[in-house]
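Colleague: Going down the list, the protein sequences come from chains A and B. Sequential numbering from 572 applies to the first sequence in the numbering used here. Sequential numbering from 5 applies to the second sequence in the numbering used here.
Since the hints were made in silico from the structure, they are not lab data. Glycine included, C-beta positions come from ideal geometry on N, C-alpha and C. Some hints could be false.
[Unchecked claim] Selected chain B positions facing chain A (in silico; Cβ < 10 Å):
no.: 1; residue: Ala56
no.: 2; residue: Leu64
no.: 3; residue: Asp120
no.: 4; residue: Val124
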Amino acid sequence: MSETAPSRPPTGYSLVLPPGWLRLPARPGAAEPVLDEALDEAFAGLPRDSVGPLRAELRRRALALVAEARFADAVDVYVPLLGVRGRPLPASVIVAVTTLPDALSTDLGTDATADAATAGLLSRVAANGRGAVVTLPAGPCARVESHEPPRDEGEGHGTRRVVFHLPVPFATQRWVVVNCTVADGLSPMTETVVDLLDALLSTWRWRDGLVL
Amino acid sequence: MKDLELVDVDTDVWLRAPSPWHLQPDGPTDEEWAALLTDAVWTGVEPAPEAADRERTRRLLLAAGSRETPDPASGWAWKYLHLPAPDDEPVPALIAFLPPDGPRDEVLRSLVRANDPTCVEPPMVEEVETPIGQALRALAYHVTADANGDESLLATLSYAWRAEDPDGDPSASLDVRLWTGYTPDRVIAMADDVERLARSLRWVDVPGETAG
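Here chain B stands alone, though its shape is the one from the complex (with noise of 0.2 Å):
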């Protein structure tokens, strides 16, 4: 039996975060995960950070990697927070998985927000291939207002895979979305590393399972 795992994910530039779906009796909370990765990211390096610098780290870790948002409703599995260095600001990206409800391309460009009306204009779709197969990707454009009712131009970058099960149960297949929303700025630059980390999910075996 095979599962669906992000495998070798580049942790110079991702940082796993608390899942929803994932709670331990005895684990971490949000608040003591992210004191221990502000320990982490800043450990070795030069010049040692100012006080203040940890706390904006430790506080960027905690918004960002909270296990409420956005809201565990919305079906997100698993949090990938983008940080290549210290003093970034951290970024997520969010994995889901759902059963198959439809025709694959349908479902798949509902997904990527390929026909989402509030996107300024139509997004440009792609067919990548990875090593579950083959995957929409889409970057879209739209714009947002703040609480003030100023607008911003944001941009969402998709990645969805029907992953068909390579045993060939077709009740183990899966829907996968993959996405992360921020300044056009940022998510052009972490394009390649999104990438890679949509590259990085592959079928697995489970210890202990065998097929049939």
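Looking at chain A on its own, in the form it has when it is part of the complex (with noise of 0.2 Å):
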């Protein structure tokens, strides 16, 4: 895999994770072989009786958030594994491609109005959202957190989620959408979390070689 020249579109890209995380496929039965091999060697040597309840939760858990994820177009999902003494980090994150409709994207016709156009769609997204248009070393993108309430009792209180709109360099009509959740009201570790996910954002590459 290797850095996209620049001047076409990428097709595809790259995060540096933290150890511990994982990145699983959200096409249909590629996600399970990752994960299951991941759980074989974090629980090697262990034994089965101990850990299998812990396993066997945690993949039903990363299965249930794949299969969620693509139902809205998903590419990826990353998730923290084990995270501190079997217990994750209550986050996940989940990379989408959309391709925008066509009114919005008929006055794209040289380079220089594509970019002003662009520019004018993220900071409608970022305003839309009450976000910001923030510039990772990607690339522009539209910020936008949020939160959202508890869908019943056992969500204890909602989710924090942040979405970063970034628009694919020379492909107007494609964008990444990177959904970020963290469990929200466990002050101070979920600003701390959105802290991390900032940080994760920052080292997202456009790259050859992965197909979005």
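Since each chain comes alone in its own frame, lean on the hints to assemble the complex.
Modeller: This is how it looks when you write it as structure tokens:
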């Protein structure tokens, strides 16, 4: 995998993960072998009787997240697998690709107008979500942070959601949407994990070699 | 006359490791220290550990607590190992004392890596109140590569003080740095314990010495 040439759309990306985090491809059937291999490695040598329930619960949760992400056109899901003492950080990252409707990209004739239109769209996306346009090393993006109330009593204080909207360079209608969630109400941990997710997105690089 | 000490450190989660600057000719070697601490941390634990568990603890304590790691030339004076449970991985927190050299804010920002270009994004720097005065605190994320070139996102949590001598002797003032670095998940999980360790730093009377 190499860094993409600067004049054509990249076909993939990379992120530098914290140790213990796992990338699960969202396409059907692709996550299970990756997850099982990681769990086998993590629990190698430990008695199956004592770690079996924890392993089964981690597997169930991760695959449920992948299944949910697939409905949102996700390509990848990132999860902290074991965390500390078997308690993962309450966070996840879902990477999806979206194609803008033609109506939003009809005026993207030249590079100059495309850049201006993309900048305008970023501002609108950020403003609609009361977020901001931020510049990552990989380029500009709209960063929108929100709180979602708990869906049921078991969800504690709800969810902090941070969504990064990244226009794919030289592909005016294609955007990547990175949807990060953290359990809310765990101050100051929630803010610290949000900071970690910002740091994670700072390692985003456009690449060739993976299919978006 | 006063000196800086860590007072009332929570010994349920922190172990003091040998210091490169306090060598005692008849004191324990690093290997002997690791064996003694292994016995101590497993005492009273039920069910009793297997021999392999004890050997793992001894090996990890020896690696993390060695007087040679990191290189003493880097200036650290004290090392505490974060070990909240005997089967955890011990994570070192280091403390260095430096003669004040330059404007306070500039020096302390440098000590917490506020402007370190290897960080993936500028760390969030906060002023925090402690018993020896205001400290700077920062959680920084940086990318490191292993011998195979595989990259990981790691975290460093740092505190820095300009500790003014309470007796008013400017020549007795010190710049102090306390820091720990490991996987982001672990550093976030241990942040409260590091905060308490930082707040246990106090000026204490030196026995047999008087001010003036």
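Colleague: Decide, hint by hint, whether the structure agrees.
Modeller: Comparing the hints with the structure gives:
1. Look at alanine 56/B: its Cβ gets to within about 9 Å of chain A, closer than 10 Å, so that hint holds up.
2. Here the hint on leucine 64/B is broken, as its CB sits about 15 Å from the closest CB of chain A, past 10 Å.
3. Because the smallest distance between the Cβ of aspartate 120/B and any Cβ of chain A comes to about 13 Å, over 10 Å, the interface hint for this residue is violated.
4. Taking 10 Å as the C-beta cut-off, the interface hint given for valine 124/B holds, the closest approach to chain A being about 4 Å.
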